[in-house]
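Protein chains in written order, with my numbering: chain Z, 1 to 199; chain B, 1 to 199.
Rather than coming from a laboratory, the hints here were simulated on the basis of the structure.
Keep in mind that a hint or two might mislead.
Put simply, identical chains are the same to the list, so a pair is met inside one copy or across any two.
Stated by the list, open to error - Listed next, the in silico DSS-like pairs over lysine-lysine satisfying Cα-Cα at most 25 Å (straight line):
#: 1; residue 1: Lys-147; residue 2: Lys-163
#: 2; residue 1: Lys-163; residue 2: Lys-40
#: 3; residue 1: Lys-35; residue 2: Lys-146
#: 4; residue 1: Lys-143; residue 2: Lys-40
#: 5; residue 1: Lys-162; residue 2: Lys-40
#: 6; residue 1: Lys-40; residue 2: Lys-147
Since the structure is predicted, the reported quantities are computational estimates derived from the model, not experimental observations.
Protein chains: 2
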Amino acid sequence: MIITIGRQYGSGGRYIAKMVADQLNYAFFDDELLKLACQKAGFSEEMIRQFDEKPGNSLLYSTFVNSAVTTDNLPLNQKLAMAQFEIIEQLARSGNCVIVGRCADYILRNHPDLVTVFIHAPGEFRAARLEAYYGVPRQLTDKTMKKHDRKRADYYNFFTQKKWGASQSYHLCLDSSVLGVEGTAEAIVAYARLRERLN
Amino acid sequence: MIITIGRQYGSGGRYIAKMVADQLNYAFFDDELLKLACQKAGFSEEMIRQFDEKPGNSLLYSTFVNSAVTTDNLPLNQKLAMAQFEIIEQLARSGNCVIVGRCADYILRNHPDLVTVFIHAPGEFRAARLEAYYGVPRQLTDKTMKKHDRKRADYYNFFTQKKWGASQSYHLCLDSSVLGVEGTAEAIVAYARLRERLN
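Looking at chain Z on its own, in the form it has when it is part of the complex (with noise of 0.2 Å):
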């Protein structure tokens, strides 16, 4: 089974989604383990930095993967991004995993096993999180969300044709405040077991 964890700025997904790996023993894979999985690829830090989640033109991007196009023509920032795409088919098949981020929903959206998943959580939940854990001052949190979340929506929306954060694009969306980071975890462990179950 693959899960496929979305989130918003703040929210606490990516430390929900490690939780959920460790809990069902699965590995587990973020924007980081990504980044070095480029780098191999060729990519420099550099690159990385520059032109990461920037989208381009989806079209091209449909071209690419339902053909046997190279990327040899394709700008940097696409190129990077079909790179991901690649490696995140190639971890797929590789066995149970947690995946972060960078639209493996959409990548991954013919896997039999896939669970999506989309993480929110109202503003001043998430500003709390940003100030305690990452330093963010709280008069900078609104700035800080809405930049990031932007960013996301943007590259997700540009490659995936579908609306990021919409309920409708994922199987499951939780609001983190609620149950909170671990208690959300909890949650998504029950559904990954659920669905296991009734398969």
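Mind docking chain B on chain Z? Use the hints.
Showing chain B alone in chain Z's frame:
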């Protein structure tokens, strides 16, 4: 505990809500019961048919709920909405229950033990249900779903100042096609029990 369930037309949300209520041994209130309650409160069936779920002026609603203003001068559609909202508040005071639709999540937003749920499903799943259970011919399912969902969204967005179907408007959103209607009811019951345990 109060569980409110909003749903896309044809997603099985009403049926799921009934199963959740039965499994938790909670009272169950859906549109029909609310309509009956309104008739008891003096609204005729004709009035309900004509004015039900038609939004009006949300400022008037805020005025109404935040003060002792009477509904005497409101247009009929809003009088009916106000009567239903009052009935929802009464139901919530009478004990554990599941309430389907009617902005109940918003009306009861300050209730300490509230779980707000939204059920959706892909068009194909919903069309097949509408055909099988409601006899809607396949060539009309798209139009029927759009019409009903538009009406629900307009009503919800008007009174709540939130967005119908947006993940951020609810604690828990589920695609009922993934676990099926029975499995989705089971997932909601599991979530409610987890919520109860963690509180």
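These are the hints, each one checked on the structure:
With identical chains, the CA atoms of Lys-147 and Lys-163 are at most 25 Å apart both within one copy (17 Å) and between copies (21 Å). With identical chains, the CA atoms of Lys-163 and Lys-40 are never at most 25 Å apart, being 31 Å at best within one copy and 43 Å at best between copies. Proximity of Lys-35 to Lys-146 under the C-alpha cut-off of 25 Å is restricted to the intra-copy arrangement: shortest distance 23 Å within a copy versus 42 Å between copies. Proximity of Lys-143 and Lys-40 under a CA criterion of 25 Å is satisfied in neither setting, with 34 Å inside one chain copy and 50 Å between copies.
In the homo-oligomer, the alpha carbons of Lys-162 and Lys-40 never lie at most 25 Å apart, since the shortest distance is 30 Å inside one protomer and 45 Å across protomers. Taking identical chains as interchangeable, the C-alpha atoms of Lys-40 and Lys-147 are never at most 25 Å apart, the minima being 29 Å within one chain and 51 Å between chains.
Hint compliance for this structure: hints 2, 4, 5, 6 are not met, and every other hint is.
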